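Trainee: Taken in sequence, the protein lines are chains E, L and R. Each residue of the first sequence is one higher than the one before, starting from 0 at the first, in numbering that gives the first Met the number 0. Each residue of the second sequence is one higher than the one before, starting from 0 at the first, in numbering that gives the first Met the number 0. Each residue of the third sequence is one higher than the one before, starting from 0 at the first, in numbering that gives the first Met the number 0.
Since the hints were derived computationally from the structure, they do not count as laboratory data. Be aware that one or more of the hints could be misleading.
To be verified - With a straight-line cut-off of 27 Å between C-alpha atoms, the simulated DSS-like cross-links for lysine-lysine are:
#	chain 1	residue 1	chain 2	residue 2
1	R	K20	L	K134
2	L	K225	L	K15
3	E	K3	L	K148
4	R	K20	L	K130
5	L	K134	E	K42
6	L	K148	E	K39
7	E	K8	L	K134
8	L	K15	L	K183
9	E	K42	L	K130
10	L	K15	E	K39
11	L	K134	E	K32
12	E	K39	E	K3
13	L	K148	E	K42
14	L	K134	E	K3
Just so it is clear, the structure is predicted and the values come from calculations on it, not from any experiment.
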Amino acid sequence: MAYKCTRCKRNVEIDYEYTGIRCPYCGHRILVKERPTTIKRIKAE
Amino acid sequence: MTMEVDILELSERSAKFILSNASAAFANGVRRASLSDVPTLAIDDVNIYNNTSVLFDEQLALRLGLIPLTTDIEEFVPVEECTCGGAECPACKVSLTLSAEGPRMVYSGDLVSSDERVQAADQNVPIIDLKEGQKVVLEAIAHMNYGHKHAKWQAGVACGYKNMPIVTFENCDECGACVNECPKNIIHIGPNGAEISGDDILKCILCKLCASVCEIDAVTVSEDEKSFIFTMESDGSYTVQQLIINAGTTIKEKASRLGEILESL
Amino acid sequence: MLPVRCFSCGKVVSNVWEEYKQRVAEGEDPAAVLDDLGVVRYCCRRMILSHVELVDTLAPYQ
Numbered sequence: 000m001a002y003k004c005t006r007c008k009r010n011v012e013i014d015y016e017y018t019g020i021r022c023p024y025c026g027h028r029i030l031v032k033e034r035p036t037t038i039k040r041i042k043a044e
Numbered sequence: 000m001t002m003e004v005d006i007l008e009l010s011e012r013s014a015k016f017i018l019s020n021a022s023a024a025f026a027n028g029v030r031r032a033s034l035s036d037v038p039t040l041a042i043d044d045v046n047i048y049n050n051t052s053v054l055f056d057e058q059l060a061l062r063l064g065l066i067p068l069t070t071d072i073e074e075f076v077p078v079e080e081c082t083c084g085g086a087e088c089p090a091c092k093v094s095l096t097l098s099a100e101g102p103r104m105v106y107s108g109d110l111v112s113s114d115e116r117v118q119a120a121d122q123n124v125p126i127i128d129l130k131e132g133q134k135v136v137l138e139a140i141a142h143m144n145y146g147h148k149h150a151k152w153q154a155g156v157a158c159g160y161k162n163m164p165i166v167t168f169e170n171c172d173e174c175g176a177c178v179n180e181c182p183k184n185i186i187h188i189g190p191n192g193a194e195i196s197g198d199d200i201l202k203c204i205l206c207k208l209c210a211s212v213c214e215i216d217a218v219t220v221s222e223d224e225k226s227f228i229f230t231m232e233s234d235g236s237y238t239v240q241q242l243i244i245n246a247g248t249t250i251k252e253k254a255s256r257l258g259e260i261l262e263s264l
Numbered sequence: 000m001l002p003v004r005c006f007s008c009g010k011v012v013s014n015v016w017e018e019y020k021q022r023v024a025e026g027e028d029p030a031a032v033l034d035d036l037g038v039v040r041y042c043c044r045r046m047i048l049s050h051v052e053l054v055d056t057l058a059p060y061q
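Given the sequences, and given the hints that come with them, work out the whole structure.
Mentor: Below, the structure written as structure tokens:
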């Protein structure tokens, strides 16, 4: 699953066993999930 | 006695009229039909390609759904009643697209419709305020349906009626208590004691304060059971005039369907 | 963002918001502005009077 670091804005892969939730480049602990490119269909209600 | 309609105010979006010589059941039927049984078009499904605005996809879709769209009742049918059997043909579906990039405010007028007869009734409804770098790309699919299914399909807004007030003054001693008590200030002292002149009676809210404050019980407040003061507003999908006609037509259709069912028994 | 329609009666109210905000900021009486914009019922008036605009507060967080 692709994440993005909110500090260095780089795409990040998470290694749950080794680093846990942490950016391997800058060490920042806040990562956000990127929006998938699929079309999302929702009901307007 | 035949039913009578006396129009007091009529504009594109709102109407006020007196319906007389009609039963309460009929008046309520018209009210209910205009609220829930006149089908309109409204955005129902939203395909979101990209949304980086501050609103969630669902919130954005809700806002889109509530925007009234101009509708021609002859041209469209609800999906469930369409001859295409739910396959979404041009008779039951209209597609609108929206593509915008910030910084700017996105209005309902920015929706690009695939059918020129179907447009946002108000062009200036704000949908979302996009900031620098934010983007919204989506396709909205409008369907026709009834107000009882979801409020976004409700063609009439604030449709209601009250009975025609009848206020009579007998043996008035001109004390003026009722004049001061009336919250609508429609009572004044005339040559033969207190009176309500002309169309002021339509403003009466039947609160009966004038009757309760009168020490000699000269005032009686009652209502005409056969006469109704209607107020109606349209959300813009139809003009009010069309809305009332459509409401009448749906009642007629329902009644004839009931007749058919009863005959086939 | 101001809700598109009044919760109670269903009248579209959000299209008067910008003009309302601007005119009140210029010092006009809110009640007179609402009357002028055709927002007459108290259900619709409370939609506008009690609204708190949060878009600008949320905008920096992405």
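Trainee: Checking one constraint from the list: CA of E/K39 to CA of E/K3, max 27 Å. Satisfied?
Mentor: Holds - the C-alpha atoms of E/K3 and E/K39 are around 21 Å apart, at most 27 Å.
Trainee: Run the distance test for L/K148 versus E/K39: straight-line Cα separation, threshold 27 Å.
Mentor: Judged against 27 Å, a Cα distance of about 24 Å means the pair holds.
Trainee: Can the restraint linking L/K225 and L/K15 be considered satisfied, given a maximum Cα separation of 27 Å?
Mentor: holds, 17 Å
Trainee: Straight-line Cα separation of E/K3 and L/K148 no greater than 27 Å?
Mentor: violated, 41 Å
Trainee: Given the proposed pairing of L/K148 with E/K42, does the C-alpha separation stay at or below 27 Å?
Mentor: holds, 13 Å
Trainee: Would the hint linking R/K20 and L/K130 be met if the CA-CA limit is 27 Å?
Mentor: Since the Cα atoms of R/K20 and L/K130 sit roughly 19 Å apart, the hinted pair holds (cutoff 27 Å).
Trainee: Run the distance test for L/K134 versus E/K3: straight-line Cα separation, threshold 27 Å.
Mentor: Status holds; Cα separation ~18 Å.
Trainee: Does L/K183 lie within 27 Å of L/K15 when you go C-alpha to C-alpha?
Mentor: At roughly 18 Å apart (the allowed maximum being 27 Å), L/K183 and L/K15 satisfy the hint.
Trainee: Hint check: R/K20 vs L/K134, CA-CA at most 27 Å. Holds or violated?
Mentor: This hinted pair holds, its Cα atoms lying about 25 Å apart.
Trainee: Given the hinted pair L/K15 and E/K39, is their Cα-Cα distance within 27 Å?
Mentor: violated, 44 Å
Trainee: Given the hint that L/K134 pairs with E/K32, test it: the Cα-Cα distance must not exceed 27 Å.
Mentor: holds, 18 Å
Trainee: Do the alpha carbons of E/K42 and L/K130 lie within 27 Å of each other, as the hint requires?
Mentor: This hinted pair holds, its Cα atoms lying about 25 Å apart.
When the structure is compared with the earlier hints, violations turn up for hints 3, 10 and for no others.
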